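Just so you know, the protein sequences line up as chains A and B, in that order. According to this note's numbering, the stretch in the first sequence is residues 1 to 266, in order. According to this note's numbering, the stretch in the second sequence is residues 1 to 312, in order.
If you are wondering where the hints come from, they were derived from the structure by calculation, not from laboratory data. None of the values given here were measured: they were computed from a predicted structure. Glycine is no exception: its CB is placed at the ideal position from the N, C-alpha and C atoms. Careful, some of the hints might be misleading.
[Stated by the list, open to error] Derived, one-sided and incomplete: chain A residues facing chain B with beta-carbon distance under 10 Å: (1) 103; (2) 155; (3) 156; (4) 165.
[Stated by the list, open to error] The list that follows gives simulated cross-link-like pairs (lysine-lysine, DSS-like), each with its CA atoms no further than 27 Å apart: (5) A/75 <-> A/109; (6) B/311 <-> B/232; (7) A/241 <-> A/253; (8) B/208 <-> A/22; (9) B/6 <-> B/311; (10) B/232 <-> B/209; (11) B/232 <-> B/2; (12) B/232 <-> A/109; (13) A/22 <-> B/209; (14) B/304 <-> B/209; (15) B/232 <-> A/127; (16) A/109 <-> B/121; (17) B/208 <-> B/2; (18) A/109 <-> B/93; (19) A/147 <-> B/311; (20) B/7 <-> B/311; (21) B/73 <-> A/81; (22) A/109 <-> B/73; (23) B/93 <-> B/6; (24) A/126 <-> B/121; (25) A/109 <-> A/8; (26) B/232 <-> A/132; (27) B/93 <-> B/121; (28) B/208 <-> B/73; (29) A/200 <-> B/304; (30) B/209 <-> A/81; (31) A/147 <-> B/73; (32) A/126 <-> A/22; (33) A/81 <-> B/121; (34) B/7 <-> B/232; (35) A/127 <-> A/147; (36) B/159 <-> A/109; (37) B/311 <-> A/109; (38) A/147 <-> B/232; (39) B/58 <-> A/130; (40) B/2 <-> A/147.
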Amino acid sequence: MGNLLEVKSLSITFEGNQAREKVVRNVSFSVMEGEILGIAGESGSGKTLTALAIAGLLNRHGAVSLEGEILFQGKNLLTCKREELRRYQGNDISMVFQEPMSSLNPVMKIGRQIEESIKIHGTLSKKERKEKAIWAMECVELENPEKIYHRYPHELSGGMRQRVMIAASLISNPRLMIADEPTTALDVSIQHQILKLFQKINRENHTAILFISHDLSLIYHLCGRALVMYEGSLIEEGNTKEIFYHPRHSYTKNLIACIPTYEKKV
Amino acid sequence: MKYIIKKIFFFILTLLIVVFLTFLAFQIIPGDPAVSLLGTEGTPLKVAALREEMGLNKPVGERFLTWVLNFMKGDMGISYSYQIPVSELITDKIPVTFLLTMLSFAFIICMGIPLGIYTSKHAGSRLDRLIMTVNQVTMAIPPFFLGIILTYLFGLVLKWFVPGGYISYSDDFFGFFTYLIFPAIAIAFPKSAMVVKLFRGSIIEEAKKDYVRTAYSRGNTINGVLYGHVLKNAILPVITFLAVVFADIIAGSIIIEQVFGIPGLGRMLITSIQNRDYPVVQAIIVCIAFVVLGSNLLADILLKVLDPRIKL
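Okay, chain A solo, but in the shape it has when bound (with noise of 0.2 Å):
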């Protein structure tokens, strides 16, 4: 399988009125066509700017410089017109955030937002939109889903919010989701449930996942290969179960050691 993504000596640096800081250094990895690619850091490590870098989050402020590349298909994404990059937003490049409810319009029904990615992109009818629709939120398990369509981001819980989110980045079969932190404001048992829908998406539409997490132990589940960032560079690449029983760098045996014992035994 070829490389869907690859990113070269990817450097992230905040322009500040005096002080420049650079949050990603020299980073570099490629994610392969249908694979689940993890990446592992605490907070301010630098995986959810190196996300948005690749979503094509981050060049709208005016604060931030990109140095490297993001080859995206053989496409440098840092280099073309806002207007190219957007065709792959949405469409090929799709996103799962953290916040599954500040991430939602608030006043915006469910329906509309699901589809609204093949509504840019798309040439599909308001009726067949919204089969679509349904169809998506039947792959992510949301029960009822015709009524559902029709609620607002409040009436729901945290964790169909979530379901919403992964429903309308999935709608569009993009080649590569990135879910950052999509677990992380959600309870344990819905956790759980969230990563099985990710190894379903992967399985069945063969969708490239980057997954980013703070928590070790749920790539280790989740993900084939794994990185592992620490204060904005890259410290360990491998195989995760690799990294899990012989990791090379002290942070990541920290890591290791914050996961409860009994992951430990697996």
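For chain A, the structure is supplied; the task is to place chain B on it using the hints.
What follows is chain B alone, placed relative to chain A:
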């Protein structure tokens, strides 16, 4: 539905309280309609007889109840100073003030909303900074002062209209309409400056929220995000403010009618208060309270429609 019935109930209750308070106010302030009506011929004996005839000797509560009962029958009483029914007196003033108010409100929306969107979109640019500086100054100009400036500039210097040359709407509607444009601008300018500032701030605040990032991640253009997502959220505080502004316009029109010599409800209210012409004052206050409360009711319903999170 229950929400609306509840709102309408409070609407009527508030109206009654407003009317009762005006009854009380006239009890407290000095001045007697019988005295002002009789003028120099007012011997104490004549005044006492007239007071009895006008029913002024009855307790406030009783007069209030009689007034309410008559009002519900459509009888607003007879003006003390003109000796004709109040309804006749105010029916041809209502359209004047109504049109002035609507015209001012339309100006506020036509200037405030687009400028709010423009300045928020180009926040920090040179033009934005210029507009916001002018805005800050405009906000501080009282409408009557602006009215005087406009009369001087467009009336006396440029001669676009004749100051004081009010044209009745029954004679020439177009002439009447054009005469109202400058008074409406005088009322609308400071208010629309406030709308610009509020709306701009609200849009900028909303644009920082997480759902905006989600909207971009789906491939929306800047305009797609702004018009499809941000505006509906950002307009909510503006609607509440516009309801307050609407009430304020009516208060403003009382002064502006004086400046431009427009025979509307505001002018009539002032002369009636001076003459202690209670029935006219009551009727006008009910009209104003009705519109003020009505605009608030409308804003509440509109907010409920736009924002599903508002609980009944």
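Verification of the hints:
Satisfaction of the interface hint for residue 103 of chain A is found here, the shortest Cβ-Cβ separation to chain B being roughly 5 Å, below the 10 Å cut-off. Because the beta carbon of residue 155 of chain A sits about 8 Å from the nearest beta carbon in chain B, less than 10 Å, this interface hint is met. Because the beta carbon of residue 156 of chain A sits about 12 Å from the nearest beta carbon in chain B, more than 10 Å, this interface hint is broken. At its closest, the beta carbon of residue 165 of chain A sits 8 Å from a beta carbon of chain B; the interface hint therefore holds under the 10 Å criterion.
A distance of roughly 35 Å separates the Cα atoms of residue 75 of chain A and residue 109 of chain A; the hinted pair therefore is violated under the 27 Å criterion. Among the hinted pairs, residue 311 of chain B with residue 232 of chain B is consistent with the structure: their alpha-carbon atoms are about 18 Å apart, no more than 27 Å. Proposed proximity of residue 241 of chain A and residue 253 of chain A is supported: the alpha carbons are some 13 Å apart, at most 27 Å. Proximity of residue 208 of chain B to residue 22 of chain A is assessed by CA-CA distance (about 23 Å); at most 27 Å being required, the pair is judged to hold.
Distance check on the hinted pair: residue 6 of chain B and residue 311 of chain B sit about 13 Å apart at the alpha-carbon level, within 27 Å; holds. For the proposed pair residue 232 of chain B and residue 209 of chain B, the alpha carbon gap of about 13 Å is at most 27 Å, so the pair holds. Pair hint residue 232 of chain B plus residue 2 of chain B holds up; C-alpha atoms about 25 Å apart against a cutoff of 27 Å. Of the supplied pair hints, the one linking residue 232 of chain B and residue 109 of chain A holds, its CA atoms being roughly 12 Å apart against a limit of 27 Å.
With a CA separation close to 25 Å, the supplied pair residue 22 of chain A and residue 209 of chain B stays within the 27 Å bound. The suggested pairing of residue 304 of chain B with residue 209 of chain B holds, with an alpha-carbon distance near 22 Å, which does not exceed 27 Å. This hinted pair checks out: residue 232 of chain B and residue 127 of chain A have alpha carbons roughly 24 Å apart, not beyond 27 Å. Under the criterion of a C-alpha separation no larger than 27 Å, the hint pairing residue 109 of chain A with residue 121 of chain B is consistent with the structure, at around 25 Å.
The straight-line distance between the Cα atoms of residue 208 of chain B and residue 2 of chain B is roughly 36 Å, outside the 27 Å bound, and the hint therefore fails. The hinted pair formed by residue 109 of chain A and residue 93 of chain B fails the criterion: a straight-line CA distance of about 46 Å is larger than 27 Å. Distance check on the hinted pair: residue 147 of chain A and residue 311 of chain B sit about 20 Å apart at the alpha-carbon level, within 27 Å; holds. Taken as a hint, the residue 7 of chain B and residue 311 of chain B pair is honoured in the structure, with Cα atoms around 13 Å apart against an allowance of 27 Å.
Annotation: proposed proximity of residue 73 of chain B to residue 81 of chain A is violated, straight-line Cα distance about 71 Å (limit 27 Å). A hinted pair counts as satisfied when its Cα atoms are at most 27 Å apart, and residue 109 of chain A with residue 73 of chain B does not qualify at roughly 47 Å. Simply put, residue 93 of chain B and residue 6 of chain B have alpha-carbon atoms about 32 Å apart, too far for the 27 Å limit, and the pair is violated. The straight-line distance between the Cα atoms of residue 126 of chain A and residue 121 of chain B is roughly 30 Å, outside the 27 Å bound, and the hint therefore fails.
For the hint pairing residue 109 of chain A with residue 8 of chain A, the CA-to-CA distance comes to about 39 Å; that exceeds 27 Å, so the pair is violated. Restraint check for residue 232 of chain B and residue 132 of chain A: satisfied, since their Cα atoms lie roughly 26 Å apart, inside the 27 Å limit. As the CA atoms of residue 93 of chain B and residue 121 of chain B are separated by approximately 42 Å, the hinted pair breaks the 27 Å bound. Between residue 208 of chain B and residue 73 of chain B the alpha-carbon distance is near 55 Å, which puts this suggested pair outside the 27 Å criterion.
For the hint pairing residue 200 of chain A with residue 304 of chain B, the CA-to-CA distance comes to about 40 Å; that exceeds 27 Å, so the pair is violated. The hinted pair formed by residue 209 of chain B and residue 81 of chain A meets the criterion: a straight-line CA distance of about 25 Å does not exceed 27 Å. Taking the CA atoms of residue 147 of chain A and residue 73 of chain B, the gap is about 49 Å. The hint is violated against a cut of 27 Å. Simply put, residue 126 of chain A and residue 22 of chain A have alpha-carbon atoms about 45 Å apart, too far for the 27 Å limit, and the pair is violated.
For the hint linking residue 81 of chain A to residue 121 of chain B, the alpha-carbon distance of about 20 Å falls within 27 Å, and the restraint holds. A C-alpha spacing of about 24 Å is found between residue 7 of chain B and residue 232 of chain B, which places the hinted pair at or below 27 Å, so the restraint holds. Between the alpha carbons of residue 127 of chain A and residue 147 of chain A the distance comes to roughly 16 Å, so the proposed pair stays at or under 27 Å and holds. With a CA separation close to 54 Å, the supplied pair residue 159 of chain B and residue 109 of chain A exceeds the 27 Å bound.
At most 27 Å may separate the alpha-carbon atoms for a hinted pair to count; residue 311 of chain B and residue 109 of chain A meet this at roughly 17 Å. Between residue 147 of chain A and residue 232 of chain B, the direct Cα distance comes to roughly 23 Å. Compliance with the 27 Å bound is thereby established for this hinted pair. At roughly 70 Å between alpha-carbon atoms, residue 58 of chain B and residue 130 of chain A are farther apart than 27 Å, so this suggested pair is violated. Our distance criterion of 27 Å between C-alpha atoms is met by residue 2 of chain B and residue 147 of chain A, whose separation comes to about 24 Å.
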